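There are 2 protein chains.
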Amino acid sequence: MAKVKIYVTLRESVLDPQGSAVQGSLAKMGYNEVTDVRIGKYLEVQIGDSERNIDELVKEMCEKLLTNTVIEDYRYEVEEAN
Amino acid sequence: MAKVKIYVTLRESVLDPQGSAVQGSLAKMGYNEVTDVRIGKYLEVQIGDSERNIDELVKEMCEKLLTNTVIEDYRYEVEEAN
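Quick mapping for you: the protein sequence lines, in order, are chains Z and U.
The first sequence begins at 1 in UniProt numbering and counts up by one.
The second sequence begins at 1 in UniProt numbering and counts up by one.
A couple of the hints might just be wrong.
For chains that are exact copies, the list does not tell them apart, and a pair is met inside one copy or across any two.
Straight-line Cα separation of at most 30 Å, DSSO-like style, residue types lysine-lysine; simulated pairs [unchecked claim]: (1) LYS28 x LYS41; (2) LYS3 x LYS59; (3) LYS28 x LYS64; (4) LYS28 x LYS3; (5) LYS28 x LYS59; (6) LYS5 x LYS28; (7) LYS64 x LYS5; (8) LYS59 x LYS5.
Everything labelled a hint here was simulated from the structure, so no lab data went into it.
Computed from a prediction, not measured in an experiment: that's the story for all the values here.
I would like the entire structure built from these sequences, with the hints used as guidance.
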């Protein structure tokens with residue numbers, strides 16, 4: 001049993017219109033000190049007992065479904081539970 | 001100049017249909033060991049020099065715009081840069 005935290009971010013070179021929109025809104029609200037906003041996804045995945053290596057499993061899921069590796073990067077942390 | 005990482009998650013008590021859909025897709029792909037998926041947002045915010053306290057600033061932005069505190073929780077980490 002493990003809890004995996006996955007962070008998916010747009011690659012540096014990819015424009016983030018959602019982030020720009022949020023930055024624009026913050027600026028209109030007076031938060032002019034905010035110079036950049038990038039928005040990604042944060043996933044918490046619970047994984048039960050498995051015969052497979054957890055790193056291998058998580059990487060495979062990320063690459064097949066959870067991220068678009070052409071425009072996104074991901075990183076993850078595994079928290080083992082009992 | 002600081003980089004702030006903000007994690008926005010749905011409260012425990014709130015249903016996450018997007019997470020359930022992802023879990024269903026993973027199950028169809030054969031990843032039956034995945035027992036739960038919750039999806040949140042991950043924001044990277046660059047903040048320039050400001051007279052205001054950074055914690056106060058980040059909390060205010062989170063509560064006014066970045067999160068819906070009725071259904072979402074947030075936490076953040078401040079990484080100072082030079």
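message: Treating 30 Å as the Cα threshold, decide for LYS28 and LYS64: within, between, both or neither.
response: Between. Shortest inter-copy distance 12 Å satisfies the 30 Å Cα cut-off; intra-copy 39 Å does not.
- prompt: Between copies, within a copy, both or neither: which fits LYS28 and LYS59 at Cα up to 30 Å?
  reply: between (40 Å within a copy, 17 Å between copies)
- prompt: Which holds for LYS28 with LYS3 at a C-alpha limit of 30 Å: within a copy, between copies, both or neither?
  reply: between (39 Å within a copy, 20 Å between copies)
- prompt: How would you classify LYS5 and LYS28 at a CA-CA limit of 30 Å: within, between, both, or neither?
  reply: Only across copies: LYS5 and LYS28 sit 21 Å apart there, 33 Å inside one copy, limit 30 Å.
message: One pair to classify: LYS3 and LYS59, alpha carbons no more than 30 Å apart. Within, between, both, or neither?
response: both (14 Å within a copy, 27 Å between copies)
Homo-oligomer pair classification [LYS41, LYS28; C-alpha up to 30 Å]: both (25 Å within a copy, 22 Å between copies)
task: Can you give me the call for LYS64 and LYS5, within, between, both or neither, at a CA distance of at most 30 Å?
output: both (17 Å within a copy, 26 Å between copies)
task: Go through the copies and call it for LYS59 and LYS5: within, between, both or neither, with a Cα cutoff of 30 Å.
output: Classified as both; 12 Å inside a copy, 23 Å across copies.
Hint compliance for this structure: every hint is met.
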